[in-house]
Amino acid sequence: MEVIIAAGLIGFLAVTATFFWVDSFGLVRTVNTDSAAIADGRALLERLAREIREVKYNPASGAYCVSTMSATQMVFNKTSGNLVAACSGASPTDANNDIAVTIQVNSTNLNLGYAGTLATPAATKALTSYVSSFAMRYLDASYAVTASAGTIRFVELSLTLQPPGVQATQTRTVVALRNQ
Amino acid sequence: MTHRINCCVVSCLRPNRQRGMVTMVVMLFLIATVVFALSQMLNVSSANVIDGQRQGDSTAAFFLAESGLEKGHAIVNAAFGPTFNNASCTAIPTAASSPYNLGRGSVSVSAVSTPGTCDNSGVTPCEKCTVISSGQVGVSNRTLTQDMLLTTANGVSCNAAISDCTNVSAPPPTWKLNLYNNYPTPAIAVFSLTAQRQGAQTGASCTNPACKLEWNINTSNGAASVGSMGNAVSIASGGSYAIYQTLSTNYNVAEVGALFPGSSPGPSLTGRYVSGSAVPGGAAYWNDNESGSTGGTIAKANSTNGFFTNDGTWTDPATDTCTTAPVPGSKQTCTSWCYGGDTLVFGFAGSSLSVADELSAVTFDTAGQNIAMTRIAKFPTIGIAGAPGNVYSEIWYARNPGFLSASDARSGALVTGYAGAVFTGSISKNSTTLTVTSWSGAPLQVGNVINGGIDAGTKICALGTGTGGNGTYTVSSTASCSPAVNQGSNHNDQAMSVSASVLTVTAAPIANLAPGDKIFGTGVFAGTTIASPGTGTGGIGTYNLSASQAFASTTITSDNPTVTSASGTVVPTANTMIVSVKIGGAVPAATTIVSTPAPTATTFKLSQRPTTPLVNATICGGTCAFFQHGAAATTSFNVIKSANTGYWGAGFMCLKGVDIAPQVVTSSSVFSRRWTEVIH
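Sequences listed follow chains W and U, in order.
Taking this note's numbering, I'd label the letters of the first sequence as residues 305 to 484.
Taking this note's numbering, I'd label the letters of the second sequence as residues 687 to 1366.
Simulated from the structure, these hints should not be mistaken for lab results.
There could be a bad hint or two in this list.
[As the list claims (entries may be wrong)] Here are the in silico distance ranges between beta carbons for each label pair:
#	chain 1	residue 1	chain 2	residue 2	range
1	W	V388	U	T1320	48 to 56 Å
2	W	R457	U	P811	27 to 35 Å
3	W	A445	U	N1056	49 to 57 Å
No residue lacks a Cβ here, since even glycine has one placed at the ideal position from N, Cα and C.
When you get a sec, could you build the whole thing from the sequences and use the hints?
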């Protein structure tokens, strides 16, 4: 009788533990995936922030070297070398020591590209393929939206990532342009 | 029995141990399961915690690094100026006490100068100082670099299309000039502000406590008119000052500055007095709305007579009761605004079509001294990034050491002398006897030819009772004395003379006769000069004259450029331009005091002979020498500007105590450019 009871208990515990174990693995995987998604989003924004902070300022025109500033695409210059007071646009030569940086969302891809003779490598690569939504806003000194490269002082980045089978996670940051 | 009992004990105990094993197994299983689950949870949790912690540390490290940059920037700002060098840059870590702890981490700062060896006071100025700042929190490290461009400029501009030029945000203002007095003496900084305006929109104002207003005018109310403001600020040796003005409307601005240093106690402002106290900012000023489309020499209100001012040095401000403030657009009514000055400053504000537009000449006192003023600064100039091209500002100046003599200044000699003989005599008809009753000058001698209404060519043949003075002499009306020929008519008490080309000086209170000097005195022929010295060396003695003549002993002056003032005031500075004011003679334009012989308080030499000898004159140097003198006198000036300079306004002011060459203001500005983050 005791053996039967013991076997029953062990069986019950085994079944329960198995479910518990399996669920734990699932929970761990889910949490890890969510954490990874959040970390990925944070890392992506950090990477973009590091680029955007370096947007070149043209003291001659009193404006930042931003040639495209839309919600889904931003093209700007940053300086690789001594400052030359001119903006080079999207395809710089080495005359102005500029590199063109493009941030663009394309479907579920968030691309970061470098262009110009000084860009090494001059290529565009996807930072992630799990973009659910991505938007940029351009803000002036009083945090009002602006469309002028002369008054822009901040860029707000909003990124939502949703890897397969994972909840969507949204991260947002505001980047202050450092050069002026 | 005992065996049975033992068997019973053994058989009875076995099931109990078996039940314990089952429990043990179950418990172990449960423990293993729980431990596994907990370990997995802990693993996930710790990974998240560590990730979050590192993210936080990284962010903290980033801002620590940012604070290091800010500290470096502040150190560069504090050190930046005319004496900034590469060591000033590389010393930033020391100045910042790097590395230092801050918050949860530490900051390490380093700096590199470009060029590696540079000196703003030398031939290789510093271009930039690159500050590298690393923030460390835990294991997270962020390193940032920032190029701080080091620029010095003599002016500042603001483009209203880019920035708000009203400076309404002040402090901090949108634009300003950071001044630094690198002289070992105090200095006065003068600023000329040009502000574009349109319509009736006005106004600049300088509200800084130390900012003294000198002039503030607007040209007109039309399009592209300009406002002109002049300000002056005293700056101690080694001191600095940040100046800015505020505008009522956002328009383009250009401002330029110049430093005027002086030895201790330093320079000061001239200006009108009110109730015995100086009123800084009493400069005279003018304005104009001439379009100036053709450039060239222009004049107020399109006239061709040039601009003019009153005699700003006419009235001693200590006794001036003038209480009238200058009226924009007209000349200063007070005549003391430049009294005692040694430096005349002209600030110009012009509208233009490009930064290439400028003045090419400013001439003061065009009817007299023709003082060619010197431009010391213009802003903006070609190459100034972002500068508006429709306004510009300039500062011109003319400097002349101050000097004011006592009212007893005389030029040349003051001697008593005569030439030949002058006498009164009588000769009867058909007689050869001349009777001299009144004589002066040189002794009469045998052979002297006598002039004065008697027979032409009459000469003395022999002495009678006269031995050179009064008495009788035998004369002949012809050149022959053998025998002496009688006079043809009676000559009673006739004024007669014997000419000579020798000047005999018998007294010399001021012994300054010299060859070439033109002499003046009663009976002296106009234009008579000292041809050569005789026995005299400037004073008592004889001198050969350029023309033979006769004049009785008289007071003689000369146009010798040596000036004597018995009272003396101060030792004038060599090369000081002077004029004679208030009685007694005149000197040509551009007359200066020469350096050899060395001037003294009582005597000095001029570069040119006076046009009329100075007699009890008052001589002045400084800005006084730049003006036409007299209470009602006017002094004109002209400016020559580029063709595309349109509306303009300007103002004059005077300084005194400026005995060191002025220089352009050095406005030191640090611009942060090329901020980068080093990726580890």
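Problem - Hint check against the structure, violated hint numbers in rising order - result: none
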